[in-house]
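Number of protein chains: 2
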Amino acid sequence: MDYFSSDFTLGILGGGQLGKMMLYETRKFDIHTKVMDASKDAPCKIGCDEFVIGDLLDFDAVYNFGKKVDVLTIEIENVNIVALEKLEDEGIKVYPPTAALRIIQNKAKQKLFYVDHNIPTAPFSRFAYASEIKESIEHGSLDFPFVWKIAQFGYDGQGVKIIRNMKDLQGLPPGECITEKLIPFKNELAVIVARNVKGEITTYPVVEMEFHPEANQVEYVICPARIEDKVANKAREIALEVSKQIKHVGLLAVEMFQTKENEILVNEVAPRPHNSGHYSIEASYTNQFEQHIRAILDLPLGNTNSKVAGIMVNLVGAEGHTGDVVYKNIEEIFKMDGVTPHIYGKRQTRPFRKMGHVTIVNEDINEARRIAQQVKETIKVISK
Amino acid sequence: MDYFSSDFTLGILGGGQLGKMMLYETRKFDIHTKVMDASKDAPCKIGCDEFVIGDLLDFDAVYNFGKKVDVLTIEIENVNIVALEKLEDEGIKVYPPTAALRIIQNKAKQKLFYVDHNIPTAPFSRFAYASEIKESIEHGSLDFPFVWKIAQFGYDGQGVKIIRNMKDLQGLPPGECITEKLIPFKNELAVIVARNVKGEITTYPVVEMEFHPEANQVEYVICPARIEDKVANKAREIALEVSKQIKHVGLLAVEMFQTKENEILVNEVAPRPHNSGHYSIEASYTNQFEQHIRAILDLPLGNTNSKVAGIMVNLVGAEGHTGDVVYKNIEEIFKMDGVTPHIYGKRQTRPFRKMGHVTIVNEDINEARRIAQQVKETIKVISK
Numbered sequence: 001m002d003y004f005s006s007d008f009t010l011g012i013l014g015g016g017q018l019g020k021m022m023l024y025e026t027r028k029f030d031i032h033t034k035v036m037d038a039s040k041d042a043p044c045k046i047g048c049d050e051f052v053i054g055d056l057l058d059f060d061a062v063y064n065f066g067k068k069v070d071v072l073t074i075e076i077e078n079v080n081i082v083a084l085e086k087l088e089d090e091g092i093k094v095y096p097p098t099a100a101l102r103i104i105q106n107k108a109k110q111k112l113f114y115v116d117h118n119i120p121t122a123p124f125s126r127f128a129y130a131s132e133i134k135e136s137i138e139h140g141s142l143d144f145p146f147v148w149k150i151a152q153f154g155y156d157g158q159g160v161k162i163i164r165n166m167k168d169l170q171g172l173p174p175g176e177c178i179t180e181k182l183i184p185f186k187n188e189l190a191v192i193v194a195r196n197v198k199g200e201i202t203t204y205p206v207v208e209m210e211f212h213p214e215a216n217q218v219e220y221v222i223c224p225a226r227i228e229d230k231v232a233n234k235a236r237e238i239a240l241e242v243s244k245q246i247k248h249v250g251l252l253a254v255e256m257f258q259t260k261e262n263e264i265l266v267n268e269v270a271p272r273p274h275n276s277g278h279y280s281i282e283a284s285y286t287n288q289f290e291q292h293i294r295a296i297l298d299l300p301l302g303n304t305n306s307k308v309a310g311i312m313v314n315l316v317g318a319e320g321h322t323g324d325v326v327y328k329n330i331e332e333i334f335k336m337d338g339v340t341p342h343i344y345g346k347r348q349t350r351p352f353r354k355m356g357h358v359t360i361v362n363e364d365i366n367e368a369r370r371i372a373q374q375v376k377e378t379i380k381v382i383s384k
Numbered sequence: 001m002d003y004f005s006s007d008f009t010l011g012i013l014g015g016g017q018l019g020k021m022m023l024y025e026t027r028k029f030d031i032h033t034k035v036m037d038a039s040k041d042a043p044c045k046i047g048c049d050e051f052v053i054g055d056l057l058d059f060d061a062v063y064n065f066g067k068k069v070d071v072l073t074i075e076i077e078n079v080n081i082v083a084l085e086k087l088e089d090e091g092i093k094v095y096p097p098t099a100a101l102r103i104i105q106n107k108a109k110q111k112l113f114y115v116d117h118n119i120p121t122a123p124f125s126r127f128a129y130a131s132e133i134k135e136s137i138e139h140g141s142l143d144f145p146f147v148w149k150i151a152q153f154g155y156d157g158q159g160v161k162i163i164r165n166m167k168d169l170q171g172l173p174p175g176e177c178i179t180e181k182l183i184p185f186k187n188e189l190a191v192i193v194a195r196n197v198k199g200e201i202t203t204y205p206v207v208e209m210e211f212h213p214e215a216n217q218v219e220y221v222i223c224p225a226r227i228e229d230k231v232a233n234k235a236r237e238i239a240l241e242v243s244k245q246i247k248h249v250g251l252l253a254v255e256m257f258q259t260k261e262n263e264i265l266v267n268e269v270a271p272r273p274h275n276s277g278h279y280s281i282e283a284s285y286t287n288q289f290e291q292h293i294r295a296i297l298d299l300p301l302g303n304t305n306s307k308v309a310g311i312m313v314n315l316v317g318a319e320g321h322t323g324d325v326v327y328k329n330i331e332e333i334f335k336m337d338g339v340t341p342h343i344y345g346k347r348q349t350r351p352f353r354k355m356g357h358v359t360i361v362n363e364d365i366n367e368a369r370r371i372a373q374q375v376k377e378t379i380k381v382i383s384k
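Chains as they are written, first to last, in my numbering: chain A, 1 to 384; chain B, 1 to 384.
The hints are simulated quantities; they were obtained by calculation from the structure and are not laboratory data.
Hints may be right or wrong, so weigh each one.
The list makes no distinction among identical chains, and a pair is therefore deemed to hold if it is satisfied within one copy or across any two copies.
Result set (EDC-like, lysine to aspartate or glutamate): computed pairs, CA atoms no more than 20 Å apart in a straight line [said to hold, decoys possible]: (1) K384 with D2; (2) K34 with D49; (3) K40 with E50; (4) K34 with E50; (5) K380 with E268; (6) K328 with D2; (7) K181 with E132; (8) K45 with D364; (9) K335 with D298; (10) K384 with E138; (11) K68 with D116; (12) K335 with E132; (13) K335 with E88; (14) K198 with E331; (15) K328 with D7; (16) K161 with E219; (17) K198 with D89; (18) K134 with E188; (19) K247 with D116; (20) K380 with D2; (21) K384 with D7.
Pulled out of the complex, with its shape left as it was, chain A reads as follows (with noise of 0.2 Å):
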């Protein structure tokens, strides 16, 4: 097939930010796409060849969207999987596979595949009502601390949440659910994996989170993880041994814990470009959008080196503003070294909303950082 003619079109389910930094890299092939999203704002409205708005978790809508591409992609998980499901058996290319995209969707089917496949994990236990955690408590096959992660729909750090002692357990969503050990882990990591439709496999660098302590949301991802070569190995190995068994097309993000005493758990898996990798766009050879796109095309990988070193701070909504989004002293940040800010063009702010991502690249990654804390003590994401 000639992807590089308008006879073929790429679609994309979802059109956050995610989808917006995909277009800049189907722009520059020239890559016909069609994005569907639920909001008429969404930031995909622009740049894609041809904009449908439809929910994603609507089993027409997802199929008739479906049945006018030729391979189809998602930038976000939480899709109809049914209508991607016959979608996939009318030979339309989905990528994620449906088969991969399953088992990551629901969160306790993705904590019982990493034991399956001795894929080492923190222990959990699966709940099929949240009240029923509170009965484990009872009965003392659970103890405190623990985190509480909803199986599916979360994001953004909605969704998950460390419960200390039983007053923690209000306000809690009903549905499925599932507990973790609380693990006391030294750093958090991330390593994505691309993986093209003939089974290319290639890994980026293992980064390093930050993550802010109340939000529950990444603050700094550091590339390259400022950790020894033998757990940067090891992490590796591992994200590479998720992929080898979850088959996925596309890129892999796995996020991991290494404990103090440098074990590598793998936390979860999101099958499409990720957070943790928006530091590529300004430090790697081939971003991680472009080898999403390189991948679901089963063009050949890109190199995953980095051309130097990146931080990435993420823009969320400060508290205790809601409204329309000002981005206070961006011209500051401007001024600063190697610092590349990046406006997801969502109009309204509230606490903690993903709005932006500031990139900071430099030849010295300690210098990188002292410029990252500048960035994040600089600009401020408030309404008018």
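Since the structure of chain A is provided, determine the placement of chain B on it from the hints.
What follows is chain B alone, placed relative to chain A:
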């Protein structure tokens, strides 16, 4: 003014490949854009917030378009300058300023400007009509060989011809033109200078250009130029002098000859992103398109250094091929290390038409040059 709000609009005259690459940057910063081009199939029809069809040389079209934007820039020099002057008088921010654009639009005016400001350039003669060239030769005031250049509206190597004998004069367009002494140069070099509204200035490294001997189009752009530091410094100083005198806002691409005696002569300039700066997307800390946007919005200018060496190969239509385009062997070049194709999205190819470019980046410039040659020998722009 808050550039990062939807109250602000940046207007771009011209919807070609340069505009298309500018739009990656306005999308990145979420800057609201409006583009005008004569063709409904212009590469910029995707990626801007609003697209308007209009003739860039028509006073009313340009004036009416410009009245609805806050800052107006160009991606091509051939626009109605009278309309721009009226817009400027009425308070629209036009960058490059019309005073600079008026000099640059006409190659005869450009050459006179260099002479008036003691900027080294090749000796030349100015002719109101091409027919006068023959008279000059007959009177002995002009000797073969020389370079003929049309004064206005040349592009992509059209409007430039080396004249070695009377026969070469046949078929030249009749209008205003210049003739220039044919310089037996050692290298063609270029320096891109960025200048923001408040007058801050920065220069990109000197690049070296190799031209296709027949088509008179750039074949390779190599950054950094493989020349002595003192020659590079001289080229940078001369480019800065042109910038200072011409008082542009935005980018100024200064093309120069390095003579066999290591003299630097200014060839011509362009007040916008330029083919000689395309390598910067992959190789530089701040690419030329982002830098142009920073400059015209009066933001601080970015770091112009390179992360790695960069080489650009133009993808031009192969001889003997006119019609619907095919990028033969494009999949092969995806296999090569550090190689990124950019496809402009023009549906029709013709001999020597600029259809895209390929960037090759590598820590080692000689390795990049070797791969660039391979790219050149592999991919072909042909018709179906």
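Going down the list of hints, with the structure as the test:
1. K384 with D2: For K384 and D2, the Cα distance is within 20 Å only across copies (12 Å; inside one copy 47 Å).
2. K34 with D49: both (6 Å within a copy, 17 Å between copies)
3. K40 with E50: Classified as both: same-chain Cα gap 12 Å, cross-chain 15 Å, threshold 20 Å.
4. K34 with E50: both (5 Å within a copy, 18 Å between copies)
5. K380 with E268: Neither. Shortest intra-copy (29 Å) and inter-copy (44 Å) distances fail the 20 Å Cα cut-off.
6. K328 with D2: Classified as between: cross-chain Cα gap 10 Å, same-chain 45 Å, threshold 20 Å.
7. K181 with E132: within (17 Å within a copy, 89 Å between copies)
8. K45 with D364: neither (37 Å within a copy, 40 Å between copies)
9. K335 with D298: between (40 Å within a copy, 12 Å between copies)
10. K384 with E138: neither (48 Å within a copy, 73 Å between copies)
11. K68 with D116: Neither: 37 Å inside a chain and 62 Å across chains, both beyond 20 Å.
12. K335 with E132: Answer is neither: 53 Å inside a copy and 53 Å across each miss the 20 Å cutoff.
13. K335 with E88: Neither, since 49 Å and 28 Å both go past 20 Å.
14. K198 with E331: between (45 Å within a copy, 14 Å between copies)
15. K328 with D7: So K328 and D7 pass the 20 Å test across copies only (16 Å; inside, 44 Å).
16. K161 with E219: Only inside one copy: K161 and E219 sit 17 Å apart there, 57 Å across copies, limit 20 Å.
17. K198 with D89: Result: close within a single copy only, 19 Å intra versus 60 Å inter.
18. K134 with E188: For K134 and E188, the Cα distance exceeds 20 Å both inside one copy (29 Å) and across copies (76 Å).
19. K247 with D116: within (15 Å within a copy, 68 Å between copies)
20. K380 with D2: between (45 Å within a copy, 15 Å between copies)
21. K384 with D7: between (45 Å within a copy, 13 Å between copies)
Hint compliance for this structure: hints 5, 8, 10, 11, 12, 13, 18 are broken, all remaining hints hold.
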